[in-house]
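Take a look at the letters that make up each chain.
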Amino acid sequence: METIRNFRRFCLDSLRLVVVGNRAYYGWVAFLLALMGLGIVAYLGQFQDGLIHTNMRDQVSWGFYIGNFTFLVGLAAAAIMLVIPAYVYEWKPIKEIAILGELLAISALVMCLGFVLVDIGRPDRFWHIMPLVGLLNFPSSLLAWDVIALNSYLLLNYVVATYLLYCAYTDRHYVKGFVYPLVFLSIPMAVSIHTVTAYLYNGLGARPYWNSAILAPRFLASAFCSGPAILLILLQILRKTTRLEIKDEAIFKIAELMAYTMGFNLFLTAAEAFKEFYTNSQDVVFIRYLYLGLRGHYTLVPFAWASVLCGLVAFLLFLVPKTRKNWVTLNIGCVLIYASVYIEKGMGLIIPGLTPDTLGEIYTYRPSLTEVGVASGIFALGFLVFTLMLKVAVPVMLGDFTMAGRPARSAAAA
Amino acid sequence: MSEAPKVPAAPPADDESQGVSRRSFLHTAGCAAVAAALTGCGHLSTEEFLQRNFRELDKKELGEIIARLEKEYTAKFHKKVTVAATPPMPGVVFGYALDLSRCIGCRRCVYACVKENNQSRIPQIQWIRVLQMDKEEGVSLLHADPYYDPPLVPQEGHFYMPVQCHQCKNPPCVKVCPVKATWQEPDGITVVDYNWCIGCRYCMAACPYGARRFNWGEPHLPPEEINPVTEYLGNRPRPKGVVEKCTFCIQRTRKGRYPACVEICPTGSRKFGNLLDPGSEIRYVIENKRVFLFKEELNTQPKFFYFYGV
Numbered sequence: 001m002e003t004i005r006n007f008r009r010f011c012l013d014s015l016r017l018v019v020v021g022n023r024a025y026y027g028w029v030a031f032l033l034a035l036m037g038l039g040i041v042a043y044l045g046q047f048q049d050g051l052i053h054t055n056m057r058d059q060v061s062w063g064f065y066i067g068n069f070t071f072l073v074g075l076a077a078a079a080i081m082l083v084i085p086a087y088v089y090e091w092k093p094i095k096e097i098a099i100l101g102e103l104l105a106i107s108a109l110v111m112c113l114g115f116v117l118v119d120i121g122r123p124d125r126f127w128h129i130m131p132l133v134g135l136l137n138f139p140s141s142l143l144a145w146d147v148i149a150l151n152s153y154l155l156l157n158y159v160v161a162t163y164l165l166y167c168a169y170t171d172r173h174y175v176k177g178f179v180y181p182l183v184f185l186s187i188p189m190a191v192s193i194h195t196v197t198a199y200l201y202n203g204l205g206a207r208p209y210w211n212s213a214i215l216a217p218r219f220l221a222s223a224f225c226s227g228p229a230i231l232l233i234l235l236q237i238l239r240k241t242t243r244l245e246i247k248d249e250a251i252f253k254i255a256e257l258m259a260y261t262m263g264f265n266l267f268l269t270a271a272e273a274f275k276e277f278y279t280n281s282q283d284v285v286f287i288r289y290l291y292l293g294l295r296g297h298y299t300l301v302p303f304a305w306a307s308v309l310c311g312l313v314a315f316l317l318f319l320v321p322k323t324r325k326n327w328v329t330l331n332i333g334c335v336l337i338y339a340s341v342y343i344e345k346g347m348g349l350i351i352p353g354l355t356p357d358t359l360g361e362i363y364t365y366r367p368s369l370t371e372v373g374v375a376s377g378i379f380a381l382g383f384l385v386f387t388l389m390l391k392v393a394v395p396v397m398l399g400d401f402t403m404a405g406r407p408a409r410s411a412a413a414a
Numbered sequence: 001m002s003e004a005p006k007v008p009a010a011p012p013a014d015d016e017s018q019g020v021s022r023r024s025f026l027h028t029a030g031c032a033a034v035a036a037a038l039t040g041c042g043h044l045s046t047e048e049f050l051q052r053n054f055r056e057l058d059k060k061e062l063g064e065i066i067a068r069l070e071k072e073y074t075a076k077f078h079k080k081v082t083v084a085a086t087p088p089m090p091g092v093v094f095g096y097a098l099d100l101s102r103c104i105g106c107r108r109c110v111y112a113c114v115k116e117n118n119q120s121r122i123p124q125i126q127w128i129r130v131l132q133m134d135k136e137e138g139v140s141l142l143h144a145d146p147y148y149d150p151p152l153v154p155q156e157g158h159f160y161m162p163v164q165c166h167q168c169k170n171p172p173c174v175k176v177c178p179v180k181a182t183w184q185e186p187d188g189i190t191v192v193d194y195n196w197c198i199g200c201r202y203c204m205a206a207c208p209y210g211a212r213r214f215n216w217g218e219p220h221l222p223p224e225e226i227n228p229v230t231e232y233l234g235n236r237p238r239p240k241g242v243v244e245k246c247t248f249c250i251q252r253t254r255k256g257r258y259p260a261c262v263e264i265c266p267t268g269s270r271k272f273g274n275l276l277d278p279g280s281e282i283r284y285v286i287e288n289k290r291v292f293l294f295k296e297e298l299n300t301q302p303k304f305f306y307f308y309g310v
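First to last, the sequence lines map onto chains Z and S. The opening residue of the first sequence carries number 1 in this note's numbering; numbering runs sequentially from there. The opening residue of the second sequence carries number 1 in this note's numbering; numbering runs sequentially from there.
No lab work stands behind these hints: they were computed from the structure. Backbone N, C-alpha and C define an ideal beta-carbon position, used for all residues, glycine too. Just to be clear, a hint being listed does not mean it is correct.
So the derived list for chain S, only partly shown, Cβ under 8 angstroms to chain Z, looks like this [claimed, not checked]:
hint : residue
1    : F49
2    : I128
3    : R129
4    : K135
5    : V139
6    : C177
7    : C207
8    : W216
9    : K240
10   : G241
11   : K255
Some chain Z residues close to chain S (C-beta under 10 angstroms, calculated; not the full set) [claimed, not checked]:
hint : residue
12   : L135
13   : Q282
14   : E361
In isolation and in its complexed conformation, chain Z is listed as follows (with noise of 0.2 angstroms):
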């Protein structure tokens, strides 16, 4: 009963917490409500009239939705990143900060989740892909993997979370056979949702451009390059606008990790690379339409470029350790690598899967004003969640948020 009636403080706290901000934060806020409103908007068209309202159609029957739902999971999946160096190495510098990794994980996830309801047809037979409400084609379909996989990581990353920030509220220490087990767990399981992803393009003979062997593995390279890059950035951001110590010592290790990941990612897209191209069986055309173009059509090319070239300097600049040791340096490292994975993994790994169509036909695919619209609604009510569970979690990592000492004070600090 204790319990329940601390845990209801806690919520209640947090609720109070998040409500409460200087104009900085009112601000970041209603930015990112009036995106999310211009989301809905977009999205009560194609609810009312269907997906006609985007530009996917039968020959690229999947676009822009699904490619940031793929580059989002990885996104969710690095939050290993830091729970590795954490728990498994005992590591304390990264130990104080890797639940942030886990908001993070959340957020991505929930993004997720955003990208797959808005894509399909019916939203309204969500609950036919539901486990035990409706039928799910278990194990027979990937994508019903899929669905479990993500939610059960959604759901192991909120109660771990959950469960620390609760113990730091309520000034106890977390009972260690409740919380290793579950952060040892979300290790394999943050590699099985990027690795059930990867599968579910994976196993298709139609599709040769996905149908290889090294594409999960290329999934995980990228993800445990872009999840880190973005935080490093919030890590920065955090240590400038809050108390939060954050020692340079913990940056400049995830920083070195992501340039060995950064290094086996780059390895990994030549090695495609050359086989298709040195190959160059009738399957080469999907590639080429990548990368150098098919037939007279081009729109990928560029983009497929930039994210070579975006990699390779990212690439370097984390590579070497005086560039990894510069802030000005490694900021620009972070944006490079996100934005060359978000290009890869986003439609850079949907749309020449899919173009030629299965009977050779090139339908130029770019994403409609609908989808962009609705895609920035899903990344600001992604960006929110995170927001306002960081309002909550840095005043408790502070200590400024607990049960003996209501949260007046803290409200203003954050």
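Could you slot chain S onto chain Z? The hints should help.
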């Protein structure tokens, strides 16, 4: 083939996007919305929302659903529309063969199919896609043109390859569907439950033949053009946001008739029958002609064979 008389060709699908311009869409969508509001099928009823998968329904539930649909369609199209759930015939597995040396690419099959199976006219949906190929290149998708539009076919130097659902024995589309909304019937026909499909389009990504079509917008079918004899898993009018595909005209073939595309073909290129019947025409073709399977290497094991009759 080149000496054969040329015939007028039906037009291809509207444009590359097989869709419609925004303005004409909005116009018809407006009409459709008014029609929907009048007939009451624009909003979702509780029964429809809670309806279960076709294969989980008992006889009584199915009967109620069919009655509801018949009422809905009859009101919408101003004429008696019947919806049957004809079971497969025992001892029958359907097979199809198409003679590439005879097909002249007139697209009569495409439009007979649209008419028979109540496909949406706006946006335009077609289950059969005819590819114009270069004789010099053979069957090569790199040289396939689905939008050929000369006044007369066949064109010099070209041959024509219609593609539709291959009714695979090993269908990737069925394997990937996350909600079991599509399956293979005992007579070999892969069907879709339009009331269960969630519109994720995973099956479209999985199909190597581009056979699956999505209702991107509200399907629009003029009442005077509807074929009122419909089948639950076949040609009944579809809602928006779901996938549809060729069913070998399940509403005809399960009653012993030929599919509409076989019947209309002016050159006799299309053969259809029971693969289990040693005396059937389809068996004769397979045993005596040089047949090939499209994308055989994918092991989808189509029950749709191409052959060279002459």
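> Which earlier hints turn out false for this structure, listed by number in ascending order?
Replying inline: As far as the earlier hints go, 2, 4, 5 and 11 are violated by this structure, in ascending order.
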